[in-house]
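J.: For reference, the chains in residue letters:
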Amino acid sequence: MTRITLNVNGTDHAVEVEPRHSLVDALREQCGQTGSHIGCEHGVCGACTILVDDEPVRGCLMFAVQADGKKIRTIEGLAENGAFNALQQAFHEHHALQCGFCTPGMLMLATWIVERGAPVSDDELRDIMASNLCRCTGYRNILRAVRAVLDGTITRGAGA
Amino acid sequence: MTVIGKSVTRLEDRALLTGTGRFAGDQNFEGQLYMRVVRSTVAHGRIVSIDTRAAAEMPGVFAVWTCADVADVPAINLRPGSALQDLERCRQPILAQGVVRYVGEPVAVVFADDPYRAEDAAELVWAEIEDLPPVVGLMDTPGEFSPGVSTEPSVFETGYGDVDAAFASAAHIIECELTVGRHTGVPLETRGALSIWNEAKGQLEFHAAAKVPHNNRIALATLLGLELDQLHLFEGHVGGGFGVRGEIYPDEVLVNLAALRFRRPVKWIEDRMEHLISANHSREQTHRIRAATDADGLILAIDDEFWFNQGAYARTHGATVPSVTAAMLPGPYKLPAYRSTGHIRLTNVTPAGTYRGPGRYETTFVREMLIERIAAELGLDPLEVRRTNLIAADEMPYDRPFSVGGSPIQYDSGDYPGALASALDQFGYDALQAEMAARRAAGELAGVGLICFVERGGDGPFDDVRVEMAADGSVEVVTGVASVGQGAETVVAQVCAETLGIDYSGIVVTHGQTDRIARGQGARASRVTVMTGNATHMAASGVRTILLETAAGLLQSPAETLDIVDGVIGLAGSPGDGPSLTVAEAAAEAICARGGTHLAVEETFEIDRATYSFGVHLAAVSVDPMTAGVTVERYAIAYDIGRAVNPMLVEGQLVGGAVQGIGGALLEEFLYDEAGQPLSVTFADYLMPTAAEVPDIECLVLEGDRSTTNPLGLKSGGDAGVTGAGAAIAAAIGAAIGKPETVTRLPVSPRRLRDILKAKS
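Sequence lines, in order, name chains A and B.
As numbered in this note's numbering, residues 1 to 160 make up the first sequence, in order.
As numbered in this note's numbering, residues 1 to 761 make up the second sequence, in order.
With the rest of the complex left out, here is chain B:
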């Protein structure tokens, strides 16, 4: 039986297709209160007073809190491993303490017996706020952001090699400034939480948890002053994550604090405007980058200085985005010397965290547009410049002599030039370029962008999995992973089924329940298939060994001569011949002999490094010179995932990610006015792609060299769709208008492109 590598349908689908899912809003407890957050309407100001009397007198209102009511709760911690110490002083309190620092910051909170009444009452809370001048410019000269805290709380430098010597001896020096706008994940389900004090167990239960339940359990218990065994988190269905949903925000802490204090269930579902101004933003960076090259376009060194807009506070991710930015900028190229200087900047806008492909989307845009610029200035074909610089297959594994967050950077395997050649062939690159050249010759603005990138995922430090088999042969896999819609249950079941020689479709995968397994790492950083997959394989192998040893006695054949095929244990290589018994029979026998109710094996997969994989994005676009609108005519992705557990789901990740990335390249942006007022607060302002804005995304899922970091040889696939999209669209627009150097900022909105076209003519 082989089910790894098959595009089997998902175990998750049935509930979701029949309307029986359990998303945050679908869950209710008897007697629950509804929470509504009162948010700052100014970007920066001193709170003079907050009048809650009218709200408190509204029928159905149970309580109203302001900062004084929660002053004993510490600011939200940065997650261990994500922090630069410099950011500790920039953490966010759960309700603003005296000063508000962005529009959307929680200043008060109302609890009522009905969600409509809670919202009515929240509108009656009057916060008198004295305006202070806001910081809105990312590139402003550093000054004081709050007492004792600079608008630039951290500057760090990293890299390797002799950058200055390379620039001194370079044949060409190419430099440019490139900016990525402010985007975020925007899951279709807004954030929500439902918490209840379980009197019988003496524990607080947080339902509707997401992404990293085990980490959040520790973080929340610390904030609330609870022992760990007094708090459990339960993940239901999660309507998309993309790095944003499932982090600890002030709102989630308030819900849990209220349930703890009131001893009543408390429910909170934010609305879409709240989501757009209070959930983590991401991406916004400006890079000033220089490359030193030889006469043929071989890059000798890159010197990059960048500014990252953290917004008003440091959140749980700490400095993750800027440090990954520094780590990922070199991409798939040799690059003998590299220096990265990162400036973390505070401004009076919604705080930032990670969004799918953090640091990759941005740096792939920056690096690949630098390559376009090198090609233009040296009179070379950009594809040739990429080929000249790509790491060769015989250089694997390839070490980057610097580290990020203590984790070494080693590209473990892959034939990058070979994968690029496959992509060019599959996508008919030469013919497409010829067609576009002909259209340009006929006066059209049409062009192709092709870019390369390296993806990183499957980092550690560990994942635990327990595989339990009952006497009837039924299997439950218990893991600390989380599902954000990516198909985690199906993939874990496939690995378990493959290992045990049974059908995947009956396997129950339990995840995100902190009372079922002690530790877990959740769903982040493209790690689930690699980490949980390998831990599942290890635990299922343990169960398999027990089954075969039990069967060996009954079948009077050594265990090593036996195999399990389609749930039947018999002699390896001759299914159906000779004596056999079912997995269920062996399980029942083993349980009888060993005692207990289940065969249960728990294993830990540990790793200290990520796996790296290579991909290519291709975009073909046309530009309407009258409207400055961009039509994406074709979009294609080639991605070498080493080994695909479920190619259909890999494609699903690539296609969905690409459309998110195209959104960031053409449509999506959080804009602010000079007073720090957000201008993108509805889906009519923050424009996400619909089916009408994107073509059918083409995919070439390659299974080249497997990863060497893990026994199953798996690489990650969650971010590869989004990573290259900003770069590919920008490069295609540059080719279409014949001036790649003019495309310097994402998104390339019609207004920006119109200005570029005007300047060009």
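This is chain A alone, in the form it adopts within the complex:
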């Protein structure tokens, strides 16, 4: 077992992991953060997408030991004082989720797009969001929700 520290949404978690443990397993089982989901464990579906040092990463393809000391952000860190942030609010208003299983990965990938601050064309947005699979929504409303935040149409969420 290896002792590491995972900084998840600003909180340090000192945990013991085997070198083979994936980061998403460590987040879920050791840190109690079950918001990131496991859909395929081979890096295709993207349900486990999280931000590591502000870059999108497949949590199933990174070993927990590789994230030692790094800044990890997950869906649990998005809400602000109990209220939806802009992306959460946009997903809610645009019906951009049905079963909600892919939603954590979609939200974190979209967070990366929004925080880059660079202009994003519709083609580029579609291309980036095509990194992750959704089986319920057909993507239309996910793209609309992210676009609404990029355009500043939705800037913050409602209270808890």
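Hint data in this document are derived by calculation from the structure and do not stem from the laboratory.
Treat each hint with caution, since some may be false.
[Said to hold, decoys possible] Covered stretches of chain B (in silico footprint by chain A; criterion: 3 or more residues with CB under 8 Å from a CB of chain A, positions within the stretch not fixed):
hint, region
1, 237-244
2, 648-662
[Claimed, not checked] Per the computed footprint, the stretches of chain A lying under chain B, defined by three or more beta-carbons under 8 Å from a beta-carbon of chain B, are:
hint, region
3, 4-15
4, 58-70
All C-beta atoms, glycine included, are put in the ideal place defined by N, C-alpha and C.
Given the coordinates of chain A, work out where chain B should sit on it, guided by the hints.
T.: This is chain B only, laid out in the frame that chain A set:
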């Protein structure tokens, strides 16, 4: 107050958007064991021996079971109402008994204190299996599949009218062979289960249940030898269903059996490869279909013979898919005579069950490509052939003189030609066709496919709902329905709120908990909004009556003069004027007078028939002649749902379904080699559409004639997005390449399309 018909946001969203959902993998119990299934690596073989010693000696391993350990557990039953007797002998044991029949079949199971260790140990279980020749071809000559069981355990014929006379007198006879590939639902959450023996209550508790908890309670109790009150199922969040997740598979039985025997919690989460080779497959059918028409393309009769690949075992759905296939093939057309002959075939591949739009996706493809063929051979516009054959508005209700599963087939309402006209207008059909014709004239391969279909849903037999109002006016709706992500809670709350005149957003909808309500039908067959919606309306109406009668005494006005608006009871038609009291005040008064802690009314909505609705799918595609890749440039759906409780959610169902259907039309397929080895075992082989493969799906949600089967006039919406997608894409590709008769098989993969293009040139 009107909240039925409004696109209000969902009650379900908050937990799902904040990472606080309770999916199967998110739940844990102290001291739980982790189960890992050892699966067959050969398609057909005799088990010579299974060596579990090395696995059993691994640190952390609690137990290893093989077939001998579970020989007392019967094979998994077919669900009542879904069975043809012929399939009873094809049921699957929970661990292979002597013979394996598909790659992925459970042969042993390991229980350990850690999921990684369980997986390590499972790899050390050595099953020596002597290969037997596998059956892999759907159309092979029937032979023996297993001792005493034919590869064709059932052939059935159904239909109506004088088919032979129609063919004898026909001006034209058009025939073709059409095949749909093997697809399935593939929810993003793999299957999982968590079961615990509750010593204090003397009951087994199955958490992470899905789809049909009440049915599964009965089925599991029977398999495990428990009294019904010794077993309860609890639904958490469910990461997509699509007909697949939530059925009783060997794995779920093993988890519950282990928790029962060990008196310890047992958890199981399958991985994606396991899901793709062991959860139900669906769709794969080949049809040989003939149509007799008059000189103008009016269809006089259809004679369809089809073969359905059931895989290695009959599962819980029994013969549901082939019987729905027979029922739905006629679609929205008059069709005076019809014969359907269905062959159920067993092969050494993963067993099949239902997948969203079962029997509709397949038959809509077959029927609509037949129409394309009729048009081509008679030199007619396919749209005109459809118009010629559509059932007219004044023919409603329209009876099909045959039945499926004892349920009569009556199209209850709808103006099909009118809805088609609305779709053509909304989608700019004429201009789009002209544009595509110009592009083809300029050398491009581009075309439009437009197809029609009939959808079926909201069948019975019943749904129970209990509406409970507390003294503070808060409301809980308790139902045996299930949520697979479709928005069931929101829709049920809307119906309840509308009936009671209160805000929908505070209503708690409790579902999938077998200890809260005795019966339930779950979420299947596009039934939730129709069935649970109407039962909710009935129960909420009962509570409303109590509130108004209580208020009548206090306000000294007859109950029938009162109304509830925004949670306030007052004189109907004059909100804000005159004496009034709140719903909470009336509830408190009524509870005080009647005793108890709640006003509770439970009602049952019963029905013996489904409701039928009409839709149109339109696809515009272009084909790259070099790569044989297909680009879906536009995709549009018009669907007459009669009355939409929440149009935003209806659109969500249509759009999501369409993308699944496009996947099956272009990308998705379970392929096997000649040894029965699966070739589609990861998301890199089984290709589902991403955002890059599909356009923004356009929707026209029509509210034409309401259903006549239920008081609220509701029709179903869950499957209408997927049903037409294979047909529309295939028809569009046929138009693009100018040879509709060459598109005979879904998915139209680049390899198949390249062969078609080569043959064409």
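J.: It remains to establish, for every hint, whether it holds in the given structure.
T.: Results of checking the hints against the structure:
no.: 1; hint: 237-244; verdict: holds (count 6)
no.: 2; hint: 648-662; verdict: holds (count 10)
no.: 3; hint: 4-15; verdict: violated (count 0)
no.: 4; hint: 58-70; verdict: violated (count 0)
Going down the numbered hints, you'll see the structure goes against 3 and 4, while the others check out.
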